[in-house]
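Turn these sequences into a full structure, and let the hints steer you where they fit.
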Amino acid sequence: MAKKPHETPLLNELEHGPWPSFVAGLKKLASDNDKPYANMMKDLLGQLEHSYETRMGYWKGGTVSVFGYGGGVIPRFSEVAEDYPDSSEFHTLRVQPPAGLHYSTELLRNMCDIWEKHGSGLIALHGQSGDIMFQGCSSDNVQKAFDDLNAIGMDMGGAGPALRTAMSCVGHARCEQSCYDEVRAHRTIINGLLDEMHRPALPYKFKFKFSGCPNDCVNSIHRADFAVIGIWRDNIQVDQEKVKEHVARVGRKQMIDTVIANCPTRALSLNDDDTLDIDNSSCVRCMHCINVMTKALSPGKERGATILIGGKRSLKIGDQMGTVIIPFMPLETDEDFNRLYELAETVIEFFAESALEHERIGETIDRIGLANFLEGIGVDVDPNMVRHPRTSSYVRTDDWDEEAKKWFERKNAAIE
Amino acid sequence: MAKKPHETPLLNELEHGPWPSFVAGLKKLASDNDKPYANMMKDLLGQLEHSYETRMGYWKGGTVSVFGYGGGVIPRFSEVAEDYPDSSEFHTLRVQPPAGLHYSTELLRNMCDIWEKHGSGLIALHGQSGDIMFQGCSSDNVQKAFDDLNAIGMDMGGAGPALRTAMSCVGHARCEQSCYDEVRAHRTIINGLLDEMHRPALPYKFKFKFSGCPNDCVNSIHRADFAVIGIWRDNIQVDQEKVKEHVARVGRKQMIDTVIANCPTRALSLNDDDTLDIDNSSCVRCMHCINVMTKALSPGKERGATILIGGKRSLKIGDQMGTVIIPFMPLETDEDFNRLYELAETVIEFFAESALEHERIGETIDRIGLANFLEGIGVDVDPNMVRHPRTSSYVRTDDWDEEAKKWFERKNAAIE
Amino acid sequence: MKEVEKPRRADESGVMDPFPHMHPLLKKNYGQWDWHDRLRPGVLHHVAKSGDEVWTVRAGTQRQMDVHTIRKLCDIADEFADGHLRFTTRSNAEFMVTSRDKTEPLIERLNKAGFPVGGTGNSVSMISHTQGWLHCDIPGTDASGVVKALMDELHHEFTHEEMPNRVRITTSCCQINCGGQGDIAINVQYTKPPKINHDLVANVCERPAVVARCPVAAIRPAMVNGKPSLEIDEKKCICCGACYPPCPPMQINGPDSTKLAIWVGGKHSNARSKPTFHKLVAAGLPNNPPRWPEVAEIVKTILYAYKEDARAWERVGEWIDRIGWPRFFEITGLAFTRHHIDDWRGARNSLNASTHIHF
Amino acid sequence: MKEVEKPRRADESGVMDPFPHMHPLLKKNYGQWDWHDRLRPGVLHHVAKSGDEVWTVRAGTQRQMDVHTIRKLCDIADEFADGHLRFTTRSNAEFMVTSRDKTEPLIERLNKAGFPVGGTGNSVSMISHTQGWLHCDIPGTDASGVVKALMDELHHEFTHEEMPNRVRITTSCCQINCGGQGDIAINVQYTKPPKINHDLVANVCERPAVVARCPVAAIRPAMVNGKPSLEIDEKKCICCGACYPPCPPMQINGPDSTKLAIWVGGKHSNARSKPTFHKLVAAGLPNNPPRWPEVAEIVKTILYAYKEDARAWERVGEWIDRIGWPRFFEITGLAFTRHHIDDWRGARNSLNASTHIHF
Ligand code: SRM
Ligand code: SRM
Ligand code: SRM
Ligand code: SRM
Ligand code: SF4
Ligand code: SF4
Ligand code: SF4
Ligand code: SF4
Ligand code: SF4
Ligand code: SF4
Ligand code: SF4
Ligand code: SF4
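Protein chains in written order, with numbering that gives the first Met the number 0: chain A, 0 to 415; chain B, 0 to 415; chain C, 0 to 358; chain D, 0 to 358.
Incorrect hints may appear among the rest.
For lysine to aspartate or glutamate, the following DMTMM-like pairs were computed, each having C-alpha atoms within a straight-line distance of at most 20 angstroms [as the list claims (entries may be wrong)]:
id	chain 1	residue 1	chain 2	residue 2
1	C	191	B	400
2	B	252	A	276
3	B	26	B	82
4	D	194	A	398
5	A	143	C	52
6	A	315	C	232
7	A	294	C	52
Residues from chain A that keep clear of chain B, each with C-beta distances beyond 10 angstroms, as calculated [stated by the list, open to error]:
id	residue
8	17
9	33
10	238
11	265
Simulated coverage check for chain A against chain B, where a stretch passes if three residues somewhere in it have a Cβ under 8 angstroms from a Cβ of chain B [said to hold, decoys possible]:
id	stretch
12	223 to 234
13	364 to 372
Treat the hints as calculated values from the structure; they're not laboratory data.
The beta-carbon is built from N, C-alpha and C at its ideal position, and this holds for glycine as well.
Laid out in structure tokens, this is it:
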């Protein structure tokens, strides 16, 4: 006889309403009495209801992994297993999706089949870091599930003090703003550094994120230790006829108020004939005018990426955004992608050697100062790395001339 | 026979050129052989030339004061008196000028006469804090000089850990932007607190500055511990006909680029008929549009001042600007000026009691936090005091509801 | 593992190649798109330089999906979208179709299957989702439930584009904040210092590591009842919860002391203004499952004030920058308190050092 | 005092009442002005609500004035301006005249007497002036000389209004910085830690006070040659000079190690952008009296780049914000170095946490 489901009056209130209900989904799984996961999901619902009643969580961590890998599984053991024995183990496998989160239904169906067999039937698409989270697996089944997933071409993602699963925006696949091939950058870096993901040995977590343009649809500045964001170096491409059409459609006042006055650096001016006067050397590539007039304007032709390092959330020293480390890196040729990879490798090596335990790279930079970090990774200083030069006179400058010489030498080398 | 002047080949190079020359002035004084100061000025020039040669200064401090006062004199004793004996004492008297730096030629001539008699004949108009600096006086003559100056109605300014001489802009006397009576505010506060100036007993210096509007022509936000800056609360006064004239004169594009696009909060929009559309609730009273169109626009009619506390320069913790403590204080009636005075008094009292030795009030605020400072002076929190509310979650909020209650009670009280 | 089998050696294949799974038209025009517009809420229209056109229909999901739901999405993709779909950074499903005519039937089908269509342009998209009581070991509240409860209330704003600009809401189920910054963020805020279960500390926690974690040095090693434990200086403690993950006996959660807070004005994009952090506006809200009505109330108040008052393209934070914080607190009816004034590192930068004042 | 006289008890009269000294027309229209414009460089024209008009002629002075010069100004004021004049915050003299016709003769007279007329509107006004070797006890350089040398070079820019907006230059003769923030600021920058004259410390310095002053805790009490003295950790020392005023044996000045630095973009007004601090652009400049040519060179380079490139109403800092720091360094030919990257408290706020990039 099938195990009796727990009463879940609180959760039931989330079963209805216009938004798709996870409770309905969980209950459906719990009622799949012909499936191996049915009882697990019954108790899972019971424990969750208990949390809703008592407003407390009841999971604790532990150690579970798959053969050859040190990370990728988030182990969960119930603290109230006596009451909910069938979900006493409810581990998650973090698995890397196809870059850009593209799926064939075949792939998705295969995933479902595997998880129906070895897991709970519950899959999160996707975690905030970009993993597929196969949620709810007994210790016994973790290896089996992974083996089957791996057999269809899927590999484990990151957890613990390690390289983490990365994310890239839809970009090149469907977006006209995209300034570099995100899939290539994403796969080049992560696959090259994969060992750091599978065998956690870094001081702490390290995340890459890839956005094709400054709209940053994967939130990389705030949420990636290493953000690769598409940008262009030459002029915005303009079709003045389409600009005029836009002005004709929305009206002059509206055009001025929503576009001209919104340019952060006053790089835009509306000519009396309703064409656009763009001062490209003042433009900071914020994307706004291009976003508003998708037909009339596009990013320039000389494209590449800006690299920012050090984004993270609040733990220990408060939220931090990434800081520009490379204002522009062309990303078109094989060599370009090699250079990107080498930079990633250098930064990871520096991080491995110089960060304190449980310190994110942004915290390291904060501790040692940006200039020392740059020296550590062998990158030259550039004014684009700062909002503005120092306002504090508290600095020792007796080697000023030597430092200045480096700049002039670089400038001269660039000219030659 | 008159004392022979020192050779001053380096200084002589500053005697010519289009800008008025202080060297020419010093030499003139040194050559006034019929005056008591001639020899002093000969040696002063000698010592200064010595500094120009060696690139080092040769004054040291000491203690000199006038009867009944603890401050106002900056004593200077020469470290190279053996070579320049007649300027071995070269003290400065800091004297408070008429508020707004208005002079009758009579007053100036009296000052010259006194200083010719007791001092060096050198007067600086004015010091960076706003004092008249009577520079170059022997210890013997300090009291005499002061007595004579005091007799014509002048009083000593501040020095040391004390209330300092204040400054106010020309404001009401000649400026249409002025939002309060600067002379009255200046004299009310300083004269009320005068004891703190004359008998230094504060933890450190304390400066007031008074600007009639946000153009801040006396640099008060950066350079005053207590800045009083004129502002208005209602709408900008507009003469639309004059706006149209302005647009006609400069052209639409120019008008948009220099005025509309320069408004920091996009409060301005140009109507199609060349009149101005001002969203006063978004306006932050920056003054820009009014500055550009002095005939068409003026500050509103409901006028008063914003108070900022804590500006100072770099010593110890780096430069600091003042922080808004009172967003708006009406300054029209006697009671209004009383309230301003009371606030000044409260802040000075808090400073006297709570600041560490040699700590400016801005440093105190930095040390204890703005919220505690406000509590200390009995001022309620207001969102205009911050650029934005906290971004850090590191705060203990178990008394949130009590704190919120204070706000609602205040709001209700304001309505009643 | 109980049964000892000969383990399979993993194929360390890394990030999966998306091209075999990508819609063929996207693959064909990869990197060659020209412009886009929006047909209606929930439908993007992209035109390639080749002239190819693709319509994308975006539908909301519950993220934490059972296999049946996923298969339902697959059925729809097979029927309308050539057997392909993708997911967005906000867990919405996107179906790409090659003819405009397919969009309406597809939308109908999705709606019938219970998937709201929307989340594009100036709408409120899916709320970012974390783990909560369902899975995490340190949660102060739930995630799936909070998201579901709120999205039920915001259904209209998801399916319509009536906001001044996109609205991106985030949640976090503990103060560690796996959810990101948000136009509006709903985060756990602890209100009490941890209560220490002294019996467990010695066994479970590496004490020096815990001491080192505290950002304000409020934790000291101490002997309690003859056992090595830890001690908290409650006056210093800022209730950040950083000591809890490495040392679960530092119980920071409590059914009544774990509260919710609302933050606004976080922004990731570089469009117009630089990226910003969100700012605290309300705290002390009860952690009230299953529908957290007090939270929903405030979120809606803020959202509708924004909807009514902001101008086209202004994000929530940009709107407030224009109208000023005083007016924000006025029109939302929220209280401004001493806790709104930052006192963490660099707090000075958040003070108003100007006479830029909003009346 | 040598001769002991019965001292006069001071009349503590405080701030002098300006009304008896104010030009009568200003007094009459006090608080009742309507608008103003500028007749020509150096001449303001204010119109009162009463219809009264006043023309103000502004003239440069050397600030450190001998009585003869002051009397010369008085003579001119008596002749043209009803016996009144005022001084500005920048030590310029202002003569108010009640008829436009008087302005030209007055200007002629001032010029003949050696006082340049200008400093109004979008000109370069007088440089803010401090004490230097003439009077201060801690100066690294002179003040009067630096100002004179520079104003000689900037005479044309004082007497003409050819800049995009007003330019306010400041100087400071030691790192304590009595001069303010400036569009361009010329400040002493120490490059070496203090050399301690150990023989004097015990007599002259209160050692704990000196230790407390150091912002980076680089000073320790120490016994040197059996006498109580101080010791500096040179690796920590940031050469701020804070220890020098309370303890002159901490010699921070040296004829070659005391250098000059140029800062740009400080702004006090709230017009358009909020007030800002100036930013370091060049350092290591020789302290080279009597004319400091290396400093003048860089100041002029910056000034002329601004003059040529900035738009109407842009202050120096606002201009650079628009064109970007890379271009600033490019067109001025100055070097950008690791020292330009702030590392003092709150430095993180000065880093570029966005993709707002200037190419
Ligand atoms: C699963 C996930 C939330 C979700 O439901 O989507 C998650 C869940 C946890 N996060 Fe997270 N984080 C997740 C994305 C994030 C993000 C967002 C991102 O990656 O863009 C952040 C903010 C960005 C960042 O990296 O700072 C994030 C910041 C944290 C932190 C704070 C790190 C910091 O330096 O501030 C911790 C605490 C820690 O590492 O000690 C943490 C820790 C955790 C732990 C491991 C809690 C713990 O210490 O046991 C959570 C495990 C929950 C579970 O039971 O599965 N998680 N975490 C996300 C990962 C899924 C995936 O792999 O795709
Ligand atoms: C005379 C004057 C410069 C001038 O030529 O104009 C001046 C001269 C001195 N200042 Fe100043 N300061 C003068 C205005 C300022 C200003 C500008 C202002 O008031 O607007 C500032 C910046 C604003 C501020 O208050 O922070 C200023 C910031 C300092 C500081 C740094 C204070 C700080 O907290 O950062 C010191 C050092 C100290 O107080 O220990 C200082 C100290 C000094 C001393 C007393 C040096 C010393 O410790 O012996 C100088 C005496 C020079 C002398 O021989 O006369 N002076 N000082 C100014 C006062 C004249 C007057 O009374 O009108
Ligand atoms: C599909 C998706 C990328 C992906 O790889 O999954 C995406 C797709 C597009 N984004 Fe985005 N953005 C996506 C997440 C984001 C995010 C991240 C997030 O939501 O957490 C951001 C940053 C939000 C922030 O600042 O906090 C983001 C900020 C933008 C912006 C900047 C808007 C602004 O004014 O600040 C644009 C520009 C625009 O709207 O024209 C943009 C524009 C676009 C365009 C128009 C790009 C294009 O030309 O195709 C795409 C359609 C947008 C639409 O919904 O109308 N996308 N976009 C993501 C959809 C999320 C969702 O389901 O709601
Ligand atoms: C006379 C004086 C006040 C005084 O009490 O002495 C004064 C007088 C006026 N100022 Fe000022 N300002 C005076 C020092 C300042 C200062 C302080 C300083 O120079 O150190 C500032 C702040 C500078 C800064 O931001 O660093 C200052 C920032 C302004 C501004 C804001 C300009 C801006 O765009 O940032 C205005 C508005 C304008 O120019 O229209 C202004 C406007 C004016 C007006 C037009 C006000 C009026 O309507 O009469 C006056 C004539 C200005 C002119 O020169 O064309 N005044 N003004 C000061 C003359 C100094 C000098 O001799 O050069
Ligand atoms: S980040 Fe830019 S390129 Fe990528 S999807 Fe968003 S708008 Fe397109
Ligand atoms: S991209 Fe942004 S900065 Fe550049 S011109 Fe357009 S609106 Fe201005
Ligand atoms: S601060 Fe304002 S009121 Fe005072 S002089 Fe300057 S512009 Fe006029
Ligand atoms: S005063 Fe400043 S903020 Fe107000 S409308 Fe004018 S330009 Fe805008
Ligand atoms: S926010 Fe906290 S509780 Fe929620 S998933 Fe992240 S670590 Fe766990
Ligand atoms: S909650 Fe945070 S502040 Fe309090 S003791 Fe723990 S780590 Fe320290
Ligand atoms: S800047 Fe320094 S040297 Fe110059 S007057 Fe001020 S304290 Fe003296
Ligand atoms: S110069 Fe500054 S940093 Fe160096 S020892 Fe003196 S006070 Fe300390």
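Cross-check of the supplied hints:
Restraint check: the Cα-Cα separation between residue 191/C and residue 400/B comes to about 14 angstroms, which is no more than 20 angstroms; the hinted pair holds. For the suggested pair residue 252/B and residue 276/A, the alpha carbons sit about 11 angstroms apart, so the restraint of at most 20 angstroms is met. Distance hint between residue 26/B and residue 82/B is fulfilled; the C-alpha atoms sit about 18 angstroms from each other, no more than 20 angstroms. In summary, the hint linking residue 194/D to residue 398/A is supported, as the alpha carbons are separated by about 18 angstroms, within the 20 angstroms threshold.
At roughly 43 angstroms between alpha-carbon atoms, residue 143/A and residue 52/C are farther apart than 20 angstroms, so this suggested pair is violated. Annotation: proposed proximity of residue 315/A to residue 232/C holds, straight-line Cα distance about 17 angstroms (limit 20 angstroms). A threshold of 20 angstroms between alpha carbons decides the hint, and for residue 294/A with residue 52/C the separation of about 14 angstroms falls inside it, so the pair holds. Against the 10 angstroms criterion, residue 17/A stays outside the reach of chain B, whose nearest CB is about 32 angstroms from its own CB.
Distance to chain B confirms residue 33/A as a non-interface residue, since its nearest Cβ pair spans about 46 angstroms, more than 10 angstroms. Listed as a non-interface residue, residue 238/A keeps its Cβ farther than 10 angstroms from every Cβ of chain B; the least gap is roughly 21 angstroms. A beta-carbon of chain B comes within 10 angstroms of the beta-carbon of residue 265/A; the shortest separation is about 5 angstroms. Coverage of the stretch 223 to 234 of chain A by chain B is violated [criterion: at least 3 residues with CB-CB distance below 8 angstroms; count 0].
Only when three residues or more bring their CB closer than 8 angstroms to a CB of chain B does the claim for the stretch 364 to 372 of chain A stand; here the count is 0, and the claim is violated.
Checked against the numbered hints given earlier, the structure breaks hints 5, 11, 12, 13 and satisfies all the rest.
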